[in-house]
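Number of protein chains: 2
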Amino acid sequence: MTEIQSLKGFYDRYPEEWVSWKKLIEVVDETAEEFGFRQIDTPNLEKADLYRVKSGDELMDQMYSFEDKGNRKVSLTPEQTPTRARLVQQRKDLKTPIKWYDTSKRWRYENVQKGRDREFFQGDFDIFGIESVEADAEVIAAAARIYEKLDLMDRVRFQLNDRNLLESMLEAHGVENTEEVMQVIDDKEKMSTEEFLEELEETGVESGKAEKIDDLTGISGPISEQIGELREKAPEEAQESVDRMENLSEALESYDVADHCRLDLSIVRGLAYYTGLVFEAFDDEGDLRALFGGGRYDELVSIFGDQEVPAVGFAFGYSTTVETDIYVLSVSENVRDTALEYATTLREKGLSVETDLSRRGFGEQLDYADSINAERVLIVGERDLKNNQVTMKHMDSGKEEEIGKDEVVEHLERERLL
Amino acid sequence: MTEIQSLKGFYDRYPEEWVSWKKLIEVVDETAEEFGFRQIDTPNLEKADLYRVKSGDELMDQMYSFEDKGNRKVSLTPEQTPTRARLVQQRKDLKTPIKWYDTSKRWRYENVQKGRDREFFQGDFDIFGIESVEADAEVIAAAARIYEKLDLMDRVRFQLNDRNLLESMLEAHGVENTEEVMQVIDDKEKMSTEEFLEELEETGVESGKAEKIDDLTGISGPISEQIGELREKAPEEAQESVDRMENLSEALESYDVADHCRLDLSIVRGLAYYTGLVFEAFDDEGDLRALFGGGRYDELVSIFGDQEVPAVGFAFGYSTTVETDIYVLSVSENVRDTALEYATTLREKGLSVETDLSRRGFGEQLDYADSINAERVLIVGERDLKNNQVTMKHMDSGKEEEIGKDEVVEHLERERLL
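First to last, the sequence lines map onto chains A and B. Just so it is clear: in the first sequence, position 139 is 139 by my numbering, and no numbers are missing. Just so it is clear: in the second sequence, position 15 is 433 by my numbering, and no numbers are missing.
A hint or two may mislead.
For lysine to any residue, the following SDA-like pairs were computed, each having C-alpha atoms within a straight-line distance of at most 25 Å [to be verified]:
no.: 1; chain 1: B; residue 1: Lys510; chain 2: A; residue 2: Asp306
no.: 2; chain 1: B; residue 1: Lys513; chain 2: A; residue 2: Asp12
no.: 3; chain 1: A; residue 1: Lys47; chain 2: B; residue 2: Trp436
no.: 4; chain 1: B; residue 1: Lys426; chain 2: A; residue 2: Ser20
no.: 5; chain 1: A; residue 1: Lys47; chain 2: B; residue 2: Lys513
no.: 6; chain 1: A; residue 1: Lys73; chain 2: B; residue 2: Leu425
no.: 7; chain 1: A; residue 1: Lys386; chain 2: A; residue 2: Lys405
no.: 8; chain 1: A; residue 1: Lys149; chain 2: A; residue 2: Ser20
no.: 9; chain 1: A; residue 1: Lys69; chain 2: B; residue 2: Ala466
no.: 10; chain 1: A; residue 1: Lys47; chain 2: B; residue 2: Gly488
no.: 11; chain 1: B; residue 1: Lys523; chain 2: B; residue 2: Arg490
Calculated directly from the structure, the hints in this document are not laboratory data. From a predicted model like this one, the values you see are computed outputs, not experimental measurements.
Extracted from the complex, chain A is given alone in its bound form:
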């Protein structure tokens, strides 16, 4: 008898948990088909060189790479974009627009934390061969449609930017090291104004210019409302990018998603290969958690062959979207049965519920609840039970409240979870 456990950052999804993932995948599939994206299936193992040509060192460090029995350097796919570029290049006969989607697993050797597993599901949507703002708007509309179908659209917001626009504005203000400056802008939201200015000056930007950059990247709000200010502040060379932003705004209106989009000149999206539109989806209620992002990458495909093919797309983040309603935590061994009973009752009420099955400790259970995006944790402890109580912890706010041990269902009904 040998007890072997799964690897850290890899999940066993039993039917009762898998069902909520499967439903989400089906919603994504359905949406893709509605928008005319066609599903593909690609290898989960590629030559490591495929990633070397495009990816930064960070990604290379995070890959599961090894030598196969034929001495080839191979890697488990950390992302699908290089594979898709390869597929586009292999065929000269594909008619544009090429619209592809799929949901499959990816692997990255990262520190395991909330929303970061070593094996994770990702859905990729791409439109190849079309340069227009309509394609930009369409990928955003498809992403939004997923959240509409999930009844989450009232809390999801898209923040978008155009890297060309930002770059030409920086250049017009005499910034020469735009790449470096954009790296700093990428981190702006994590810094105070003072820190931001300091970081900019460290790259060699004069203090007067740094303040202008702070001002520029502070432009944020509904696109149609910001266009005026943008046009005013934009130099001659950037007017074309402002035009494109205005056209995008109109296209987003036509797709009926403009209300959910905000222009934010500080959005950069680290990866250097984006060439125009960049966007991120945020969960307004979950403390502005970034759900996923995407953008336009017109120069990437040509790295992999002789065709030049513009592209725009996004990678849908499953792990940030699938939520467990409640994790039932058993503080000690002798309340495990009670915890299981709570789990069963709440599942019967239609909630997505998980509980401990492998006798983990308190802290470990809480970490696990966090990693599966549990909204609430129902803490079942012996002392509490003696006082006819249990504790409900809200994972977003950290708030805890004690509730009567027989009033859990009523409590959730009051909170409108049931």
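For chain A, the structure is supplied; the task is to place chain B on it using the hints.
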């Protein structure tokens, strides 16, 4: 510009090809749900030790194994059974029958050939916790139902055996090295009678006994018709196994699949972990190609933990079932456009068609057509075209026929493919 291709034995499935795989996966899913199997999702990478405890050396040699960045020995899943055993052992609260299925990718470093890729899809169906013949019959019925839904049931046949029955009959005839003898029996269909007897004798079996074994393992036919002969030839100790076979036969009648099943005492299925029922599905029209197989493995789960859990299941073979109707082969570069036109026309007629996209040579294209189970290959050559002809090759028989270059559709209509 770098041109990097996919790894050998790994496929890029573009939408037009993927659609037939997806449909098949959906049929498998649908069937599973009808029979009450619930879908799970499990890691694609496991600790290598998980396979060491059960698998033979051959499988260990074929695994994609490596050391991860945390110095763990890990392997891409070559099969899912050990993972499922692990999942069953992890939970003490699962109610039996535990009925699980899923379709996902597996990886084996093998010589690439027809129906053997290095990355392949497999569908696993298992019933844990039930020892009865009803469970045995149910997995066979579920497998049969898949082929019924595909309208292929008239050409699929299940050949089954009971390893306990075979073993106890061998023992009753004084065979001591039953494992070794069963290995020889496993290869019987590839040998002449003389070779078979010789091989048996080489393991130490006396020639008289060898002939008896040849006789016994020749028992083959509809189960209900064979039971009489079986009971006659079976010694006292094997009567219980004969009873079970009779009960299974009745259960198969109830599931309405008995007509598609034949008892064949030479079916062993190499892997040593099967303990009772073993079965294989064959394609009667495809030269008796083995499609996939399964069986009962009551002792395997206990290797992975302290619960003893009987189990029966099968692994559905996608690569042996998905067929491409036609592969269009272009003999030289300057007929490529014509080949593409044929492919487009035939796709529009609803056929599953593939053609060359990466300028492979004649032989390579033919190998590829074979590897994707193309039923026919339409060979488009310059000389043929000058004579207003193309060549149609039937992959099963190897037969070739010349047809008018404008009569391909009519020809396929006559052959009732359209």
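Hints, verified against the model:
Distance restraint check for Lys510 (chain B) and Asp306 (chain A): the Cα-Cα separation of roughly 57 Å exceeds the 25 Å cut-off, and the hinted pair is therefore not satisfied. Taking the CA atoms of Lys513 (chain B) and Asp12 (chain A), the gap is about 18 Å. The hint holds against a cut of 25 Å. Taken as a hint, the Lys47 (chain A) and Trp436 (chain B) pair is honoured in the structure, with Cα atoms around 22 Å apart against an allowance of 25 Å. Restraint check for Lys426 (chain B) and Ser20 (chain A): not satisfied, since their Cα atoms lie roughly 35 Å apart, outside the 25 Å limit.
Restraint check for Lys47 (chain A) and Lys513 (chain B): the C-alpha separation of about 44 Å exceeds 25 Å, so the hint is violated. Taken as a hint, the Lys73 (chain A) and Leu425 (chain B) pair is honoured in the structure, with Cα atoms around 10 Å apart against an allowance of 25 Å. Between the alpha carbons of Lys386 (chain A) and Lys405 (chain A) the distance comes to roughly 10 Å, so the proposed pair stays at or under 25 Å and holds. Taken as a hint, the Lys149 (chain A) and Ser20 (chain A) pair is honoured in the structure, with Cα atoms around 14 Å apart against an allowance of 25 Å.
A hinted pair counts as satisfied when its Cα atoms are at most 25 Å apart, and Lys69 (chain A) with Ala466 (chain B) qualifies at roughly 16 Å. Between Lys47 (chain A) and Gly488 (chain B), the direct Cα distance comes to roughly 22 Å. Compliance with the 25 Å bound is thereby established for this hinted pair. For the suggested pair Lys523 (chain B) and Arg490 (chain B), the alpha carbons sit about 22 Å apart, so the restraint of at most 25 Å is met.
The structure is inconsistent with the numbered hints 1, 4, 5, although it conforms to all the rest.
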